[in-house]
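Chemist: As you go down the protein sequences, you meet chains A and B in turn.
Every position in the first sequence, counted from 1, becomes a number in our numbering once 503 is added.
Here our numbering is used: position 66 in the second sequence is 47, and no number is missing along the way.
It cannot be assumed that every hint is accurate.
[As the list claims (entries may be wrong)] One-sided excerpt, in silico: chain B residues whose CB lies under 7 Å from chain A: (1) Arg5; (2) Thr6; (3) Val7; (4) Leu8; (5) Val9; (6) Gly11; (7) Ser16; (8) Thr17; (9) Val18; (10) Val19; (11) Thr20; (12) Val21.
[To be verified] Distance ranges between label pairs, derived from CB positions: (13) Ser83/B - Pro507/A: 42 to 52 Å; (14) Val19/B - Ala505/A: 27 to 37 Å; (15) Pro507/A - Arg69/B: 45 to 55 Å; (16) Val520/A - Ser83/B: 45 to 55 Å; (17) Thr6/B - Ile538/A: 18 to 28 Å; (18) Pro86/B - Glu515/A: 24 to 34 Å; (19) Asp584/A - Thr6/B: 22 to 32 Å.
Hints were generated in silico from the structure; no laboratory data involved.
Quantities reported herein were computed from a predicted structural model and do not represent experimental measurements.
C-beta atoms are modelled at their ideal positions from N, C-alpha and C, and glycine is treated no differently.
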Amino acid sequence: MAGPRYIADPEETVRSVELDGLSVLFHEPSGMTHIVAAPAPEILEMLRAGPADAAELLRRLRARFEFEGNEAEAAIHARLDELEAAGLVRRA
Amino acid sequence: MSGTDDKEVGGKGAGGNAFVPSRRTVLVLGAAAASTVVTVRPALAQTAGSVLNCEIPVPGPHAGGNHIAADGNLVAPGTPGAAPPLARPLRGEEARQLLRGSTPPGVNPQSAQAYANYIRRLQSGMSGFTCYASLQMPR
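The whole structure should be built from the sequences, with the hints applied where relevant.
Modeler: Written out as structure tokens, the structure is:
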């Protein structure tokens, strides 16, 4: 069974500043500010291409990146959960 | 928190002989239990709210009755060109408008410059100084 699909707000609604390996994101719709590390910016970028569940998101990420470790699926769910809790992604 | 790293992946060029390295980024997804997002907004929201709602009496209670000259100095009532005291304290947001050169509602535009200069002259210990200092902090 496919899991929930997620989507991120368009790039123009999130101001981003990179700071030595971290990114500070100001999410204009909510007025919230977040400090994020990889892979959060990469996940947001992939979800801006359209809604995706965890499996599709991993496919998109794998098209550009190599993964370290063998717990990609568990990790991507954890990342999506925390991005959703922060309001940076939402269910499509 | 985790990060990305560059990793060289070798490949053959179109000619078959030349080794053409390409760079493919390794993305560390992190452990399931490790957080990669820290939200800092709540504390800032509180600060922003208090800045907008803090108050600056013009002039402060120490100078009750005095008028304010165009340069912001306190002068005796009746001094030509001086602005009268404001009937109520300015809120932080109103003070911000004044400092930016606009006139908040209820303020005489001809007196706005005097009030703005009074605020700029506030010093530590004077009523409204903390509010003014907060307005100077980046948000």
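Chemist: Each hint: holds or not?
Modeler: Each hint, compared with the structure:
1. Arg5: With a closest approach of 6 Å, the Arg5/B hint holds.
2. Thr6: Because about 5 Å separates Thr6/B from the closest Cβ in chain A, which is inside the 7 Å limit, the hint holds.
3. Val7: 5 Å, holds
4. Leu8: At 4 Å from the nearest chain A Cβ, Leu8/B passes the 7 Å test, so the hint holds.
5. Val9: Holds: closest Cβ of chain A sits about 5 Å from Val9/B, inside 7 Å.
6. Gly11: Cβ of Gly11/B sits 6 Å from chain A, so the hint holds.
7. Ser16: 6 Å, holds
8. Thr17: Hint holds; Thr17/B Cβ to chain A Cβ min 4 Å, cut 7 Å.
9. Val18: 5 Å, holds
10. Val19: Constraint on Val19/B satisfied, holds at 5 Å.
11. Thr20: Because about 5 Å separates Thr20/B from the closest Cβ in chain A, which is inside the 7 Å limit, the hint holds.
12. Val21: 5 Å, holds
13. Ser83/B - Pro507/A: 42 to 52 Å: This hint holds: roughly 47 Å between Cβ atoms.
14. Val19/B - Ala505/A: 27 to 37 Å: For Val19/B and Ala505/A the Cβ distance comes to about 30 Å; the hint holds.
15. Pro507/A - Arg69/B: 45 to 55 Å: Holds, at about 52 Å.
16. Val520/A - Ser83/B: 45 to 55 Å: Violated, at about 29 Å.
17. Thr6/B - Ile538/A: 18 to 28 Å: Taking Cβ atoms as reference, Thr6/B and Ile538/A lie about 21 Å apart, which means the hint holds.
18. Pro86/B - Glu515/A: 24 to 34 Å: Check passed, 33 Å falls within 24 to 34 Å.
19. Asp584/A - Thr6/B: 22 to 32 Å: 24 Å, holds
Against the hints set out earlier in the document, a violation occurs for number 16 only.
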